Structures are given as C-alpha cells and as structure tokens.
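Sequences are here, hints too, so could you generate the full structure?
Now for the letters of each chain:
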Amino acid sequence: MTQNHQLMAAGLHLGYADREIVSDLNLNVPAGKLTVIVGANACGKSTLLRGLARLLTPTKGAAYLDGKPIHQMPTREVATLLGVLPQSPIAPDAITVADLVGRGRYPHQGWFRRWTPEDDAAVAEALGATDMGELADRPVDELSGGQRQRVWIAMALAQQTDLLLLDEPTTFLDINHQVEVLDLLTDLVKERGRTVVVVLHDLNLACRYADHIVAMKSGKIVTEGRPVDVMTEAVVREVFGMTSRIVVDPISDTPMIVPIGRHHVEKAVA
Amino acid sequence: MTAIDTSYIAGVRRQRESKSRRVTLGLVLALVLASAAALTLGDFPVPPEEIIRSLFSPLTGLTNKGVDFIVLQVRVPRLFLALLSGAAFGLSGIIFQTLLRNPLASPDIIGIAHGASAAAVFCIIVLGWTGLAVSLGAFAGALLTAFAIYILAWRNGVTAYRVVLIGIGAAAMLSAVISYLFTRARLFEVQQAMAWLVGSLNAARPGDSIVLAAMLVVTLPLLIILVRGLDGLELGDDTAHALGTRVEQTRLGLMIAGVALAAFATAAVGPVGFVAFVSGPIARRLMGGAGRGIPQAGLVGALVMLVSDLLAQHALPNMQLPTGVVTGGFGAVFLLWLLVVSGRSGRVN
Ligand SMILES: Nc1ncnc2c1ncn2[C@@H]1O[C@H](COP(=O)(O)OP(=O)(O)OP(=O)(O)O)[C@@H](O)[C@H]1O
Ligand SMILES: [Mg+2]
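Chains as they are written, first to last, in the working numbering: chain E, 1 to 270; chain U, 1001 to 1349.
It should be emphasised that the hints constitute simulated quantities derived from the structure, not laboratory data.
From a predicted model like this one, the values you see are computed outputs, not experimental measurements.
Please note: incorrect hints may appear among the correct ones.
[What the hints assert, rightly or not] Pair by pair, the computed Cβ-Cβ distance ranges are:
#, chain 1, residue 1, chain 2, residue 2, range
1, U, LEU1339, E, PRO259, 42 to 52 Å
2, E, ASP183, U, GLN1249, 31 to 41 Å
3, E, GLU191, U, TYR1161, 43 to 53 Å
4, E, ILE90, U, ILE1052, 17 to 27 Å
5, E, ASP174, U, ALA1315, 55 to 65 Å
6, E, THR116, U, MET1319, 55 to 65 Å
7, E, TRP115, U, GLY1042, 45 to 55 Å
8, U, SER1007, E, GLU191, 19 to 29 Å
9, U, VAL1074, E, GLN109, 39 to 49 Å
10, U, MET1173, E, SER88, 28 to 38 Å
For each residue, glycine too, the CB sits at the ideal point set by N, CA and C.
What follows is the structure in structure tokens.
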C-alpha cells in the first residue's frame, strides 16, 4: 500500500477545441501527502485534474504516472492505481447506493473474477467511512444532495487506489460533513500513505488540511508550497482579486483568510 | 464514520441478484406459456401432447403428416420468428435507451426503423423488388440511416441529446420520403408496401428465423463483452474513463450492435412498431433498481412480440390483423401511461 506512486505534469497544455485553458504547467504531486488546488471559478482546476487523470488528452506536454506518460498507459491499469471523482458525475435512474459504490470495483474485476468477498469488504469499508451504511439499499435519486455527494466519494474510495483525485468533494456538504470528508482524506494519507489531490473552494479548510497547496490563476500555477509559507494577502489578492486579512487559525496555527469586501473596508483597515 | 459489516453489504448485493433472477425466471416462464399457446391455438387446434409428439417426430419417427405440417412448417417458424425478432428489438431498444440516457431514444423513434422502411418502400415501388431482396434493402437502409445520424450528431464526440434530436428529425424526413414514394406508386405496389410497413409475421418462412438466429449468435457474445462497459458509461464519460472503461470504443461497439439488432429484426418482420420502445422501460420497472435489465429487456421484447402476434391472429374472429397493428396500439397506451407516470413523479423512466 505504501509503494508511493508518483504523479507529475511537465509542460502540460490542456484545452477544449482550440481554446487553451492550461498552458505549460509543471507540477510535482508530493507522494504520500494531501495536496489541495485552489483558484477562482473557471481558472482551470477541473481541467488540470482531468489532464492529470488522463480524462483529457493534452495538446502538448504530458502527465506522468511513475515516469510513464499516463495517456499511453493501459487505462485499466491506471484505474487500479489512480481514482478520480469528477466534478459532476451522473447517477443512472433507480440505481441503489450499494450498487453505485460497487461500480468502483470495476477496474479490479476481470472476465473471470467477478464479485468476491474482497469487493464486498471494499464497499462496506467505503460506505462506513462516508457514513452511508444505513442507506446501502436505497435508490440514489431519493437521497439529499449531500448524501449523494458522499455516495460518490464512497465509490472513489471503493476503488482503493494509492492515488486519489477529487474535484470539489465537499460541495453540497454541511460544515460537519465537510470536516469529516477532509478528516477521512487525511486518514488515508497519514495512516495508509495514500496520495490525495483535492480541489477545494474553502480556503480556510484548504490551508488547515493541505500538506501542499497549489494556487491557480488563468490556467497557471501562481504559487505552491506549504500553506503557512505561501498563503499571503498578496497571493489571495492575485488569485481571487480580493483584499483580505490573514490571521492565524486558533485550532491549527495555519493561515486563516478573512475576506474584506466593499462594505467593511474601513473597519478592517482600522 | 461507522464500521459496516461486510456480510450486511454482501446480503444487500445478494438480494439484488436474487430479485434479478426472479424477474428473469418469471419472464422465461411467461415465454414458455405463451409459446405453448402459440403452438396450440389456431383454426386447427393441436392438443399439447400432439405438439410434443410432433416436435420430437424427427427423432422418434412417430409422424402424422397433417399435424406435423401445421406444427413444424407453420407454427414453429412463426413462433421462432416472433421470439427472435422480439428479443432483437427489445435488446436494441434498451441499448440505445441506456447509452443515450433517454427512454425516447429507441431505434423506432430515432429514425433507424424509418430508414429501413424508406429503403424497403423504395425497393418495392421504384425497383419492383419482392421478398428477401426487400429485406436486404431494408437492412441497408437501417445501417445507412444510423451512420448518417451518427455523423450528423458528431461534434467532438456524440452526445445523447444531439442523437435524439437529429434522429427524430431524420424520422420525420424519412416519413416524408415514404409519403412521396406512395404518391408515385401504382395501387398494387402501395398495398404491398403498406403490408410491409405495418410489420407482420404472416409471411414467416423458416429461412427468416435462421438468418436472425445466426445474427443473434454473432451479436450476443459481442454484447456480453461490451455490456459490462456500461457499468462505467452509465456514470458519465469522465467517471467511466476514470474507472478504466474504453469509453469511445465501448460506446461505438454497443451502437453497432444495437443498430445491427434493429436492422436485422426490421428486415425480417418489418418495422413492427414500439416493441423496441416499450421493452426497456418495462424491464426496468420489473427490475425495480435491481440492475440495468438488459437481458430482461430482450425477454420482454420476445414476450411483447409473441403476445401481440397471438392477439393479432386470434383476437378477432375470422380476421387476422398484422402484428404491427397490435404492437402499435399497445405502444400508444404504454406511451400515455409513461407520460402520466412521469408527469406525476417528475421524471421519465
Ligand atoms: N467540456 C468543455 N468544453 C469547453 N470548454 C470547457 C469545458 N469544460 C470547461 N471548459 C472551460 O474551461 C475553463 C476552465 O474550466 P474548469 O472547469 O477547469 O474551471 P474550474 O477552475 O474547475 O472552475 P470551477 O471552480 O467553477 O469548477 C472555463 O472557461 C470553461 O468554460
Ligand atoms: Mg471545476
């Protein structure tokens, strides 16, 4: 489990049709760490994640998994090493929670090896980790938005890959479940030595949980590193175009970003 | 975070599997009963024990010329044709409906059946063809239409929505072509073309079933291989890709299989309406979330076709209806029901 797999991008260009979104990006995802990608809407976070996960073919450059261009590796083999939760997956009508989570076992099942106790155990563990056990036989389309989000996280967990990329796994979740998901991801990193990359919008949670934070703007990395080292008022202004104050998180001693906005400028400066 | 017992999850999964088995078994049972009825009923009723004797007569040598002719030369070919074409329509329908995530996306709605029809009418009226040649023409028409829809819908990949819209457009256009051809035809040809268009098993010949059976033997293994890819494809292209599915290849393969099934079935029995359209949703309802219901949709298709054909033959005294008239009526009722149900629950299917 701890044979850390190495994911990186070199000179990566990504785009749709003839529009370039991510240009000449270099990134080394630290193995066995939790990396968080932050940035404004439409800056290319999802696009980058899709490129890293071979869901989008680069126009130039490449993403590499263990030194091999990930696009040229057999997709099934990649799926046993790297799991992805896209930003907007689709649930088929009437599918049950356990069935959907079980789909995460797909890359582990071949022609002759269909369903094994190991698969059941993986599904049970994923459902337990996401607090979805009691809903195992319920149809997904009868769940709340947050419950649905946790089903998808469970599906990605059931894939049991060393590398896990998640695009905004905490949207739709209440504050308690947001923290629980991030705690869970931290467990995966700390206890099992997994490598996790998450896109997050909540900067304070990002700073608290990230071992490594990547701030993006217009398809480029503005800065990356430990949150204490890189999250400054200047960086927040550059990335989000917003003035803020940075204080110390009383719980974790990490940076805490307090936005200012137009109506509260005086007070903040005073 | 709570620990979940593995045996509980295994139990939930087994429940799902056993529901799926029960549905399959029920459908097979219904098919057996309907098949028995199809062999027994008719102007010349044959009692069950006579049917069994007759079916085994090539082996046992216990023959009875008159009965054997009716059973082996008339009813068995018709039964086989109904079962095979119904299964092909049902499978083809659910493949398209699943791939395109839309219950309207069955081949008899998105123009593929219309392509077969337009080609057949062209062959009958303009070329003066009959019999097997018309079937071949219909087959070519179905393939050509499917190909054209795929090309027109392609823009960096195909999306369900575009395929459905373009397909419905193609269906309307091809219907217009058929109407135009009718205006140019003589009465006899119009009658012949109309008979083909309604779709019927009246002209069942042993050869039709053999061609269809051969084609199912080729297509089914391909389907069995590809259908597993739907585990991922159903969740959207990105998730499918992430799970290691070969997205484009699987989708194209499934579409080819779906088109081939629809094309062969249409070539054999004509565009028998609505069988492809109703089978998938019926199978899904029977399964109630216990699975995708692909094999079950094939069974439902066979059952719908067979029962419709029985009704067509025996419902009215002294008169045989074309099978397509019955399935058409059945399909219309079903469509209304689907609209009412989806109107109530706010979603289709
Ligand atoms: N499938 C697509 N086809 C064409 N353009 C796309 C596609 N997906 C994204 N884009 C464009 O690429 C740009 C970056 O999108 P991306 O989804 O990567 O942003 P993001 O940083 O993830 O934003 P958000 O925070 O809103 O999720 C946007 O301008 C978007 O319009
Ligand atoms: Mg995004």
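Right, here's what the structure says about each hint:
{"no.": "1", "hint": "LEU1339(U) / PRO259(E): 42 to 52 Å", "result": "49 Å, holds"}
{"no.": "2", "hint": "ASP183(E) / GLN1249(U): 31 to 41 Å", "result": "40 Å, holds"}
{"no.": "3", "hint": "GLU191(E) / TYR1161(U): 43 to 53 Å", "result": "44 Å, holds"}
{"no.": "4", "hint": "ILE90(E) / ILE1052(U): 17 to 27 Å", "result": "50 Å, violated"}
{"no.": "5", "hint": "ASP174(E) / ALA1315(U): 55 to 65 Å", "result": "59 Å, holds"}
{"no.": "6", "hint": "THR116(E) / MET1319(U): 55 to 65 Å", "result": "58 Å, holds"}
{"no.": "7", "hint": "TRP115(E) / GLY1042(U): 45 to 55 Å", "result": "46 Å, holds"}
{"no.": "8", "hint": "SER1007(U) / GLU191(E): 19 to 29 Å", "result": "25 Å, holds"}
{"no.": "9", "hint": "VAL1074(U) / GLN109(E): 39 to 49 Å", "result": "47 Å, holds"}
{"no.": "10", "hint": "MET1173(U) / SER88(E): 28 to 38 Å", "result": "34 Å, holds"}
In summary, the one numbered hint that this structure violates is 4.
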